[in-house]
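Engineer: Each chain, letter by letter, is given below.
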Amino acid sequence: AQSVTQLDSQVPVFEEAPVELRCNYSSSVSVYLFWYVQYPNQGLQLLLKYLSGSTLVKGINGFEAEFNKSQTSFHLRKPSVHISDTAEYFCAVGAHNFGNEKLTFGTGTRLTIIP
Amino acid sequence: DSGVTQTPKHLITATGQRVTLRCSPRSGDLSVYWYQQSLDQGLQFLIQYYNGEERAKGNILERFSAQQFPDLHSELNLSSLELGDSALYFCASSEWGEGKTQYFGPGTRLLVL
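Each protein sequence line maps, in turn, to chains A and B.
Per our numbering, the first sequence starts with residue 1, numbered consecutively.
Per our numbering, the second sequence starts with residue 1001, numbered consecutively.
No false leads were mixed into what you were given.
Per label pair, the in silico range of CB-to-CB distance:
1. A:5 x B:1061: 22 to 32 Å
2. B:1101 x A:29: 19 to 29 Å
3. A:70 x B:1113: 45 to 55 Å
4. B:1073 x A:1: 25 to 35 Å
5. B:1014 x A:14: 39 to 49 Å
6. A:39 x B:1059: 19 to 29 Å
7. A:29 x B:1017: 40 to 50 Å
8. B:1052 x A:14: 48 to 58 Å
9. A:70 x B:1041: 23 to 33 Å
10. B:1008 x A:82: 30 to 40 Å
11. B:1030 x A:1: 17 to 27 Å
Derived PhoX-like pairs (lysine-lysine); straight-line CA-CA distance at most 25 Å:
12. A:58 x A:69
13. B:1100 x B:1057
14. B:1100 x A:69
15. B:1100 x A:58
16. A:49 x B:1100
17. A:69 x A:49
18. A:49 x B:1057
Worth flagging that the hints you see were computed from the coordinates, not collected in a lab.
In this text, a Cβ means the ideal position worked out from N, Cα and C, and glycines have one as well.
Start from the sequences, fold in the hints, and give me the full structure.
Structural biologist: Here it is, written out as structure tokens:
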């Protein structure tokens, strides 16, 4: 089985400052990884995903993430945040060749941007 | 707009009752997933259907059941409702294959009183 740990439940950041949201996973098989964002009172929206190949993945709204197999991490970064980035961010993991496509989600990180 | 629709948006009911949540996937998507989001449990995978067949099961209670119909819409049935079933229920859909993006609907907020 796979599991995901999002180490920070809340991250406050000043506007225009950089941010990193941490995600670590556990799996006995090779994985693919997602970052989703949830704005208030909305469903989840894909930010970016890693399937294979290049470990640096770029997504929407200026976000990027780096897959690190040795550290089993998939941290999300943005060099300069905006007020509109205030939301909850979820990391999710799926397993290659597992027989189904279910995702296991982390508990989420609430990003608050301080003007 | 993800293209996934869910009805109703809100549902208020009493303990012991039964409700049905409905989901229409994006056009062309054969896979449908149901998730429960609550404050204490986070986002939990319940069940996946692919083209009418159950494909994967998560932490779904025996009081809950789901199905996917020939037109690919899906329904999640929750029965003998308890206070603890109050949560946001999301449906997602995707194309066939691992690593495909799951597109989430806006959710149904269930309140059990």
